[in-house]
Amino acid sequence: MQGGVDVDLSEYQAMFTAEATEYLNALGDYLLLLEKNPHDQEVLAELFRAAHSLKGMSATVGLEDLSSLAHEMETLLDQFRKQTLSVSSQAITVLLQAVEAMENMLDKFSKDPSSYKPDPRRDLTDKIHAVIGDGDTAVYPDEEMPDVRLAQWEVELLQKTVTDGTIYRVDVHLVDNVRMKSVRAYTVHRALGELGEIVKSFPPVEDIEEERFGHSFGLVLVSSHPQEKVEHTLAGIPDLASFRVEILNFDQMEDDSQSDNTKDASPDKVIPKVRDFIRVDTQRIDALVNLTGELTITRNNIMELLDQTKDSDLVEAVRRLDRLTTDLYRGIMKLRMVPIRELFDRFPRMVRNFSIEHNKDVQLEMLGEDTELDRSIVNHLADPLVHLVRNAIDHGVESVDERVKKGKPSQAKVTLSAYQEGSYVVIEVKDDGAGIDVNRVREKAISNGLITKQQAQSLSEEDIVQYVFHAGLSTKKEVTDISGRGVGMDVVKKAVDSMKGSVYIDTRKDEYTQITIRLPLTLSITQALLVKEKDIHYAIPVDVVIENLRLRSKDIKQVYGQGMLNLRGEVIPIIPLQELLTGEKRDEGAVLSVVIVEANRQKLGLVVDQLLGQLEVVTKSLPRELLHHEGVAGATVLGSGEVALIIDVNNLLHTGRGRG
Amino acid sequence: MAKNVLIVDDTAFMRMMLKKILSQNGFNVVGEAGNGIEAIELYQELEPDIVTMDITMPKMDGITAITKIREQDPNALIIVCSAMGQKQMVIQALSSGAKDFIVKPFEEERVIEALGKALEG
Chain A
1 MQGGVDVDLS
11 EYQAMFTAEA
21 TEYLNALGDY
31 LLLLEKNPHD
41 QEVLAELFRA
51 AHSLKGMSAT
61 VGLEDLSSLA
71 HEMETLLDQF
81 RKQTLSVSSQ
91 AITVLLQAVE
101 AMENMLDKFS
111 KDPSSYKPDP
121 RRDLTDKIHA
131 VIGDGDTAVY
141 PDEEMPDVRL
151 AQWEVELLQK
161 TVTDGTIYRV
171 DVHLVDNVRM
181 KSVRAYTVHR
191 ALGELGEIVK
201 SFPPVEDIEE
211 ERFGHSFGLV
221 LVSSHPQEKV
231 EHTLAGIPDL
241 ASFRVEILNF
251 DQMEDDSQSD
261 NTKDASPDKV
271 IPKVRDFIRV
281 DTQRIDALVN
291 LTGELTITRN
301 NIMELLDQTK
311 DSDLVEAVRR
321 LDRLTTDLYR
331 GIMKLRMVPI
341 RELFDRFPRM
351 VRNFSIEHNK
361 DVQLEMLGED
371 TELDRSIVNH
381 LADPLVHLVR
391 NAIDHGVESV
401 DERVKKGKPS
411 QAKVTLSAYQ
421 EGSYVVIEVK
431 DDGAGIDVNR
441 VREKAISNGL
451 ITKQQAQSLS
461 EEDIVQYVFH
471 AGLSTKKEVT
481 DISGRGVGMD
491 VVKKAVDSMK
501 GSVYIDTRKD
511 EYTQITIRLP
521 LTLSITQALL
531 VKEKDIHYAI
541 PVDVVIENLR
551 LRSKDIKQVY
561 GQGMLNLRGE
571 VIPIIPLQEL
581 LTGEKRDEGA
591 VLSVVIVEAN
601 RQKLGLVVDQ
611 LLGQLEVVTK
621 SLPRELLHHE
631 GVAGATVLGS
641 GEVALIIDVN
651 NLLHTGRGRG
Chain B
1 MAKNVLIVDD
11 TAFMRMMLKK
21 ILSQNGFNVV
31 GEAGNGIEAI
41 ELYQELEPDI
51 VTMDITMPKM
61 DGITAITKIR
71 EQDPNALIIV
81 CSAMGQKQMV
91 IQALSSGAKD
101 FIVKPFEEER
111 VIEALGKALE
121 G
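Going down the list, the protein sequences come from chains A and B. Numbering of the first sequence is given in the working numbering, commencing with residue 1 and proceeding in unit increments. Numbering of the second sequence is given in the working numbering, commencing with residue 1 and proceeding in unit increments.
Please note that the accuracy of each hint is not assured.
Claimed, not checked - Here are the simulated EDC-like pairs of lysine to aspartate or glutamate, each with C-alpha atoms no more than 20 Å apart in a straight line: (1) B:K104 - A:E211; (2) A:K509 - A:E443; (3) A:K229 - A:E206; (4) B:K87 - A:E209; (5) B:K87 - A:E206; (6) A:K405 - A:D394; (7) A:K108 - A:D119; (8) A:K430 - A:D361; (9) B:K59 - B:D10; (10) A:K557 - A:D543; (11) B:K117 - A:D176; (12) A:K181 - B:D10; (13) A:K117 - A:E103; (14) B:K87 - A:D119; (15) A:K532 - A:E304; (16) A:K82 - A:D40; (17) A:K500 - A:D543; (18) A:K181 - B:E38; (19) B:K87 - A:E570; (20) B:K87 - A:D176; (21) A:K310 - A:D322; (22) A:K406 - A:D437; (23) B:K104 - A:D176; (24) B:K117 - A:E231; (25) A:K413 - A:D394; (26) B:K87 - A:E211; (27) A:K229 - B:E120; (28) B:K117 - A:E228; (29) A:K181 - B:E109; (30) A:K554 - A:E579; (31) A:K181 - B:E108; (32) A:K603 - A:E547; (33) B:K117 - A:E194; (34) B:K117 - B:E107; (35) A:K554 - A:D535.
Keep in mind the hints are simulated off the structure, nothing from the lab.
Please model the entire structure based on the sequences and the hints provided.
As structure tokens, this is what we get:
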């Protein structure tokens, strides 16, 4: 059976995707480093290893096109490594394109492996061949080989410990149709282990056990047997296509390690991110999140009951339970968090490629890569963010000539930053390009019938420019050229909305454009203010709550039938929550409980019957009949078993404005 | 001189497949056993040059049989046969004294190489 294995791969799918993504990211990063340090053997070794690993693992899952592209890449990298070809900018570009193509393949494949159609991308293989040049491309180096390199301390250790005996480096290539290659490698290790001691394995033994290698592996053997004996032993092992036994001497190794040292001093030296981690199915974490949510609710329930007891020991025990539950909840939420670096990693390459393509000179600055965000949000954020950065370069940043004419630095700057703000993460994409012409956006919004001339006059420039997110404006192709932005901005907004986030644009003509995305840290647990209105519980996310007030009804002035409150000089509309949600008018008492909320820079006062207190709620999906209820984001089950509806303030403000 | 082989496998079909491959390549299949106990008995009786040993079998599994045969004859040459996905078992069999391994579905070339090299070594 070619190009696949008999076992069911579906359970390994997620692991494959995650690991392949890591390798692709590594390829991208190291390629950029290679461009700066074309002779860095360590970088070349990393690149080679990544390409090689990808080749092996993608062939295993039947991703032939990715595998063959990785093979081509490996061939070219090997030439760099052997210094039979020198690194050129053109070569880097081709390799980066290949990485991008591989990313696309992986993306498609991981979404639906069964319907995946391989695309061998002859165009790219041809380009790689062109770089390799006239050296007949049919001649590939026989097999890829993990780089055998000893660290300084290993060399020292060997020097000290090996008083007699010879140090052999052994390379083994397995036949293509080998079965259970890890076991085959095990028999090689076992047979050679009888001759002496294996001091190093390439890849490491754990990788070999897990079959994380292609068809080749290597090892360093210390043995008192002659070379012929080692070779004879290998010859007696089945499934070996070829092998090579080489005597290592210390001089050679010292040379290697010395050159290593000099590289340590050079800037841009990569320190590989080594972190111990395990991969866990996100579903398992989600199950824990739900359980913790339930536990939180039960805890709250106990806390309520506690008010009625006078047993101080019990109170103390429950306080401890309270603290532990909170810690547990935080700990579990952390499990779902990943640094946004995972997302940002792709941008240096993308920006490089894209600016070359568009003939722009762009410097990318990234800030706050360690900011953590819920995994599911990170996944959904990738496309919108790529879109925004592309937009910034394509439509925002001016050509070098234009910039010089405007008296701006010829190199443009695109800044990608992330930071946490309460239970939100803010991501900003800023460019110092041409900005957006607000007047043109206004004209377009009017001519496309989104607003009337009259409305346009009452709207501030700030409000007008937000219309670039409107489908009626942003999908119009011509807007791109006029306003310097536009295509697909509605898609960005939709994606952000679906993550319960908000997006805002700020721009100044000829100076900058900044797009700010605010996203909740997590989608499943919310801190909320519990209120009661007409016997129904509602939970208002605390992030939007500005303050709670007790008002006399006469403090509220009626303006065109709309209640208005003058709060420290600011006029805020006041609406009973029930009326807002259902349209039912209600009789108001003399004293009102009002919750002032804010979203999208608008404030609103919600009148409720009763303020009950603050709690953590787990969002549950709503029953179908309530799914499209405006102003309701979800539901949660309270400790008492009662259901509370979670208020979607963004949506509510929209509704409120429509009615008001 | 043709080498004598004892085939151990609980399925008749696999024994037949293996017998066909081996016979066509100049081996002399002297016996067939369907479980570990039969294998031990037949090994004593037939004294074959080499044994192919399935792992999962009724009554006594291949790993136990390998251990017992090697106790009687420390030089016994045994090639363990396994299906895909039995990696740990194969390693266990190898550390119990099996000389080498082959993987089902059998490929003629691989089988002959494994037996040939085991007999040379």
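A quick look at each hint next to the structure:
1. The hinted pair formed by K104 (chain B) and E211 (chain A) meets the criterion: a straight-line CA distance of about 18 Å does not exceed 20 Å.
2. The suggested pairing of K509 (chain A) with E443 (chain A) holds, with an alpha-carbon distance near 16 Å, which does not exceed 20 Å.
3. For the hint linking K229 (chain A) to E206 (chain A), the alpha-carbon distance of about 27 Å lies beyond 20 Å, and the restraint is violated.
4. Note on K87 (chain B) and E209 (chain A): the hinted pairing holds, with a Cα-Cα distance of about 9 Å set against a maximum of 20 Å.
5. Between K87 (chain B) and E206 (chain A) the alpha-carbon distance is near 14 Å, which keeps this suggested pair within the 20 Å criterion.
6. Annotation: proposed proximity of K405 (chain A) to D394 (chain A) holds, straight-line Cα distance about 19 Å (limit 20 Å).
7. At most 20 Å may separate the alpha-carbon atoms for a hinted pair to count; K108 (chain A) and D119 (chain A) meet this at roughly 11 Å.
8. Of the pairs offered as hints, the one joining K430 (chain A) and D361 (chain A) holds, with about 15 Å between alpha carbons and a cut-off of 20 Å not exceeded.
9. Between K59 (chain B) and D10 (chain B) the alpha-carbon distance is near 10 Å, which keeps this suggested pair within the 20 Å criterion.
10. Restraint check for K557 (chain A) and D543 (chain A): the C-alpha separation of about 27 Å exceeds 20 Å, so the hint is violated.
11. Between K117 (chain B) and D176 (chain A) the alpha-carbon distance is near 19 Å, which keeps this suggested pair within the 20 Å criterion.
12. At roughly 25 Å between alpha-carbon atoms, K181 (chain A) and D10 (chain B) are farther apart than 20 Å, so this suggested pair is violated.
13. Only pairs whose Cα atoms come within 20 Å are accepted, and K117 (chain A) paired with E103 (chain A) is accepted, the gap being roughly 15 Å.
14. Among the hinted pairs, K87 (chain B) with D119 (chain A) is inconsistent with the structure: their alpha-carbon atoms are about 33 Å apart, more than 20 Å.
15. Using a Cα cut-off of 20 Å, the hinted pair K532 (chain A) and E304 (chain A) holds, with the two alpha carbons roughly 16 Å apart.
16. As the CA atoms of K82 (chain A) and D40 (chain A) are separated by approximately 12 Å, the hinted pair is consistent with the 20 Å bound.
17. Distance restraint check for K500 (chain A) and D543 (chain A): the Cα-Cα separation of roughly 12 Å lies within the 20 Å cut-off, and the hinted pair is therefore satisfied.
18. Note on K181 (chain A) and E38 (chain B): the hinted pairing is violated, with a Cα-Cα distance of about 31 Å set against a maximum of 20 Å.
19. Distance hint between K87 (chain B) and E570 (chain A) is unfulfilled; the C-alpha atoms sit about 73 Å from each other, more than 20 Å.
20. For the proposed pair K87 (chain B) and D176 (chain A), the alpha carbon gap of about 19 Å is at most 20 Å, so the pair holds.
21. Restraint check for K310 (chain A) and D322 (chain A): satisfied, since their Cα atoms lie roughly 18 Å apart, inside the 20 Å limit.
22. With a CA separation close to 16 Å, the supplied pair K406 (chain A) and D437 (chain A) stays within the 20 Å bound.
23. Taking the CA atoms of K104 (chain B) and D176 (chain A), the gap is about 16 Å. The hint holds against a cut of 20 Å.
24. A hinted pair counts as satisfied when its Cα atoms are at most 20 Å apart, and K117 (chain B) with E231 (chain A) qualifies at roughly 14 Å.
25. Distance hint between K413 (chain A) and D394 (chain A) is fulfilled; the C-alpha atoms sit about 13 Å from each other, no more than 20 Å.
26. Simply put, K87 (chain B) and E211 (chain A) have alpha-carbon atoms about 11 Å apart, close enough for the 20 Å limit, and the pair holds.
27. Under the criterion of a C-alpha separation no larger than 20 Å, the hint pairing K229 (chain A) with E120 (chain B) is consistent with the structure, at around 15 Å.
28. For the suggested pair K117 (chain B) and E228 (chain A), the alpha carbons sit about 17 Å apart, so the restraint of at most 20 Å is met.
29. Between the alpha carbons of K181 (chain A) and E109 (chain B) the distance comes to roughly 16 Å, so the proposed pair stays at or under 20 Å and holds.
30. Distance check on the hinted pair: K554 (chain A) and E579 (chain A) sit about 19 Å apart at the alpha-carbon level, within 20 Å; holds.
31. A distance of roughly 18 Å separates the Cα atoms of K181 (chain A) and E108 (chain B); the hinted pair therefore holds under the 20 Å criterion.
32. Restraint check for K603 (chain A) and E547 (chain A): satisfied, since their Cα atoms lie roughly 11 Å apart, inside the 20 Å limit.
33. For the given pair, K117 (chain B) sits about 17 Å from E194 (chain A) by alpha-carbon distance, which is consistent with the 20 Å threshold.
34. This hinted pair checks out: K117 (chain B) and E107 (chain B) have alpha carbons roughly 16 Å apart, not beyond 20 Å.
35. At most 20 Å may separate the alpha-carbon atoms for a hinted pair to count; K554 (chain A) and D535 (chain A) exceed this at roughly 25 Å.
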